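Undergrad: Generate the whole structure from the sequences, applying the supplied hints.
Protein chains: 2
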Amino acid sequence: MLPAQERSVMLMKKIAKGTHRNVNYVSRLFQPQNVVPKDGIVKREDSLSKSQKLMHDLGVIRQASPGAFHLLPLGERSLQKLIRIVDDEMCKINAQKLLLPLLTSGELWKSTGRWEDIGEELFTLKDRHDRELVLSPTHEEAVTELMASIPQLSYRQLPLLLYQVTSKFRDEMRPRFGLLRGREFIMKDLYTFDTSAEAASETYKAVSKAYDNIFRRIGIQYFKVSAVTGVMGGSVSHEYHFPAAVGEAKLLICESCGYGTSLESCVPSECPECGHGFLKCCPGIEVGHTFLLGTKYSVPLKARFTTVEGKSDFLQMGSYGLGMTRILAAGVEVLSLPDEMRWPIALAPFTVCIVPPKVRKEVRKVQWLT
Amino acid sequence: MLPAQERSVMLMKKIAKGTHRNVNYVSRLFQPQNVVPKDGIVKREDSLSKSQKLMHDLGVIRQASPGAFHLLPLGERSLQKLIRIVDDEMCKINAQKLLLPLLTSGELWKSTGRWEDIGEELFTLKDRHDRELVLSPTHEEAVTELMASIPQLSYRQLPLLLYQVTSKFRDEMRPRFGLLRGREFIMKDLYTFDTSAEAASETYKAVSKAYDNIFRRIGIQYFKVSAVTGVMGGSVSHEYHFPAAVGEAKLLICESCGYGTSLESCVPSECPECGHGFLKCCPGIEVGHTFLLGTKYSVPLKARFTTVEGKSDFLQMGSYGLGMTRILAAGVEVLSLPDEMRWPIALAPFTVCIVPPKVRKEVRKVQWLT
Chain A
14 MLPAQERSVM LMKKIAKGTH RNVNYVSRLF QPQNVVPKDG IVKREDSLSK
64 SQKLMHDLGV IRQASPGAFH LLPLGERSLQ KLIRIVDDEM CKINAQKLLL
114 PLLTSGELWK STGRWEDIGE ELFTLKDRHD RELVLSPTHE EAVTELMASI
164 PQLSYRQLPL LLYQVTSKFR DEMRPRFGLL RGREFIMKDL YTFDTSAEAA
214 SETYKAVSKA YDNIFRRIGI QYFKVSAVTG VMGGSVSHEY HFPAAVGEAK
264 LLICESCGYG TSLESCVPSE CPECGHGFLK CCPGIEVGHT FLLGTKYSVP
314 LKARFTTVEG KSDFLQMGSY GLGMTRILAA GVEVLSLPDE MRWPIALAPF
364 TVCIVPPKVR KEVRKVQWLT
Chain B
14 MLPAQERSVM LMKKIAKGTH RNVNYVSRLF QPQNVVPKDG IVKREDSLSK
64 SQKLMHDLGV IRQASPGAFH LLPLGERSLQ KLIRIVDDEM CKINAQKLLL
114 PLLTSGELWK STGRWEDIGE ELFTLKDRHD RELVLSPTHE EAVTELMASI
164 PQLSYRQLPL LLYQVTSKFR DEMRPRFGLL RGREFIMKDL YTFDTSAEAA
214 SETYKAVSKA YDNIFRRIGI QYFKVSAVTG VMGGSVSHEY HFPAAVGEAK
264 LLICESCGYG TSLESCVPSE CPECGHGFLK CCPGIEVGHT FLLGTKYSVP
314 LKARFTTVEG KSDFLQMGSY GLGMTRILAA GVEVLSLPDE MRWPIALAPF
364 TVCIVPPKVR KEVRKVQWLT
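Chains as they are written, first to last, in the numbering used here: chain A, 14 to 383; chain B, 14 to 383.
Hints in this document: simulated from the structure, not taken from any laboratory.
Note that the coordinates shown come from a computational prediction; the quantities given were computed from them, not determined experimentally.
Don't take every hint at face value.
Which copy? The list can't say, so a pair holds if one copy fits it or any two copies do.
[Said to hold, decoys possible] Straight-line Cα separation of at most 20 Å, DMTMM-like style, residue types lysine to aspartate or glutamate; simulated pairs:
1. Lys139 - Glu129
2. Lys27 - Asp101
3. Lys105 - Glu89
4. Lys30 - Glu286
5. Lys293 - Glu19
6. Lys237 - Glu283
7. Lys237 - Asp225
8. Lys263 - Asp70
9. Lys105 - Asp225
TA: Have a look at this one:
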């Protein structure tokens with residue numbers, strides 16, 4: 014029996030005994046649905062993705078403004094299930110959870126050059142004292158400054174793995190496809206600090222394994238491909254993709270050995286990895302991205318530690334992102350039929366619906382569980 | 014035995030059997046402490062509060078920029094404990110959790126007049142298309158617009174209680190006292206929707222009871238006082254305060270019956286409630302605020318529902334806030350000695366520390382639990 018089923022049986026017993034407190038009646042759930050009359054025609058932009066239509070019509074999300082969506086109770090519940098999986102796998106690799114402010118100083122972004130590099134996609138503002146602030150799309154600068162502020166960081170405290178799950182912001186030119194490409198979204202971002210490039214590579218392997226575990230638990234087929242480092246910088250980078258027609262990334266995947274890349278242009282060719290398979294072009298939704306950063310951020314922000322020999326050296330860093338709200342939508346996108354929403358079971362807001370028998374014509378309340 | 018102790022004993026048994034997976038070694042914890050050498054003198058602003066000094070020196074928080082703080086692992090863990098208490102009490106009154114975007118449109122704030130009313134404390138920005146956005150300090154406008162967007166909301170779906178726990182922003186002129194008055198902070202905000210003023214009053218009572226439960230579980234003495242509605246609007250309002258010298262609110266509390274108010278100027282007088290006690294002036298840290306809003310937001314934003322008679326009427330609203338990060342700091346502020354941090358046990362990041370015996374001179378690792 015699946016753990017989810019076991020939990021459900023346990024809960025049903027509790028309900029029968031009257032000892033289960035938190036009951037989710039279907040009739041009380043805030044799930045505003047978009048009911049289309051039979052044979053009714055809905056005029057809608059063709060640019061909506063399948064997951065966006067379904068999640069909106071079935072009351073999981075609702076658009077607040079271009080690229081920004083309300084996560085309604087079903088969506089919020091699904092997000093919490095994903096967060097629990099991530100927290101669990103992060104704990105296994107000794108990653109510690111923290112919470113960095115979303116507003117960061119403009120100076121910080123100028124010191125690493127990303128104020129200009131990211132450019133118009135950066136949401137910026139000024140406070141009442143006319144100081145420039147950034148509504149952060151990612152936190153390499155902030156977390157590196159935090160590490161630089163710690164007096165006498167020792168090699169004994171490393172490796173250090175710090176992560177958070179928070180709102181992120183990107184002023185997209187054309188936000189689209191609901192949660193798949195928004196201007197405001199939830200990301201899990203992990204930053205790692207090591208004493209040497211070799212140690213950072215070991216940490217990279219450990220985190221990659223944790224990412225594999227997370228995606229296995231989500232249960233949707235995914236591709237891990239080598240990728241460009243882009244504006245993030247660094248030397249090594251991999252992306253995680255769910256294959257889907259609506260995906261904006263073009264991947265080359267070997268049909269034989271599973272090797273994948275987003276580095277080359279999408280022209281089918283022989284696999285450079287196994288030598289006998291052929292690379293097939295395939296669209297993907299990017300749901301995760303990992304980077305070995307080296308000292309790209311620790312040098313300009315002066316984030317150092319004390320070595321075994323008592324000398325001072327720059328921290329070797331890694332950065333690892335998971336698009337949390339994007340994973341929710343991408344999962345629905347991959348699994349659903351055009352008119353039937355399907356969730357990965359691990360992320361489904363509820364997995365059991367109890368419909369009690371009628372007692373003397375009286376219809377009893379229907380409940381959602383787990 | 015306390016539940017926390019029971020859990021600890023259970024965990025210790027698991028550790029002894031080797032079946033407990035997630036171990037928090039004290040030596041691995043990211044807790045950068047500010048070690049002051051004996052007889053060392055630290056020059057610091059006098060304006061720091063006790064909780065701010067202690068939480069910084071003991072590695073619970075770290076300042077990122079004026080009014081914005083990193084919650085380090087101990088702080089994040091404490092916040093999660095508070096969120097669990099709040100979620101549990103919200104569930105008991107059938108409040109449903111959701112997640113609204115932090116960025117809201119400037120138009121929305123202009124339509125209720127609060128763009129001008131809140132003025133300089135509102136963080137505003139423009140996107141790449143020159144549209145005005147607000148980094149929301151509260152979500153009355155956003156949630157009311159959400160309700161207005163729902164086709165044919167029926168009286169049968171009411172009362173509806175919706176809440177979230179998210180970052181909030183206020184461009185304070187003088188942020189101070191660490192988490193007590195920041196520019197970015199975590200709030201729990203609940204919005205309620207009813208069919209009539211009477212029904213909204215009943216909901217107000219139910220939420221007030223839930224707030225009493227939350228504060229009882231936190232375990233710190235608190236004052237509930239009648240308050241002005243201010244920029245929020247509405248008719249009835251109460252504040253929840255922790256009494257503390259550093260508190261910026263001046264309260265009048267009856268020594269006899271416990272009646273309290275923040276409405277009058279702080280001049281001791283006879284209690285208007287019981288008639289025989291005297292009102293004593295006392296400083297407080299505001300940690301919660303509740304409002305009966307009437308139709309202040311539903312009228313300008315056209316949030317209506319269909320009545321039993323099939324007519325259309327405006328929703329009767331309530332708004333209820335809890336300053337989550339402020340509660341963490343206020344709890345430490347109230348309980349701590351100048352040089353010794355003390356947490357409310359319900360919010361302590363850890364409640365048990367296991368120090369195993371030495372085995373043949375080998376010091377074994379010290380662990381935090383629960």
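Undergrad: Give a verdict on every hint.
TA: Here is how each hint holds up against the structure:
1. Lys139 - Glu129: both (17 Å within a copy, 18 Å between copies)
2. Lys27 - Asp101: between (26 Å within a copy, 17 Å between copies)
3. Lys105 - Glu89: between (25 Å within a copy, 18 Å between copies)
4. Lys30 - Glu286: neither (59 Å within a copy, 45 Å between copies)
5. Lys293 - Glu19: Result: close neither inside a copy nor across copies, 41 Å intra and 57 Å inter.
6. Lys237 - Glu283: within (18 Å within a copy, 73 Å between copies)
7. Lys237 - Asp225: This pair counts as within: shortest intra-copy Cα distance 9 Å, inter-copy 50 Å.
8. Lys263 - Asp70: neither (29 Å within a copy, 49 Å between copies)
9. Lys105 - Asp225: within (13 Å within a copy, 37 Å between copies)
Of the numbered hints stated above, those contradicted by the structure are hints 4, 5 and 8, listed in ascending order.
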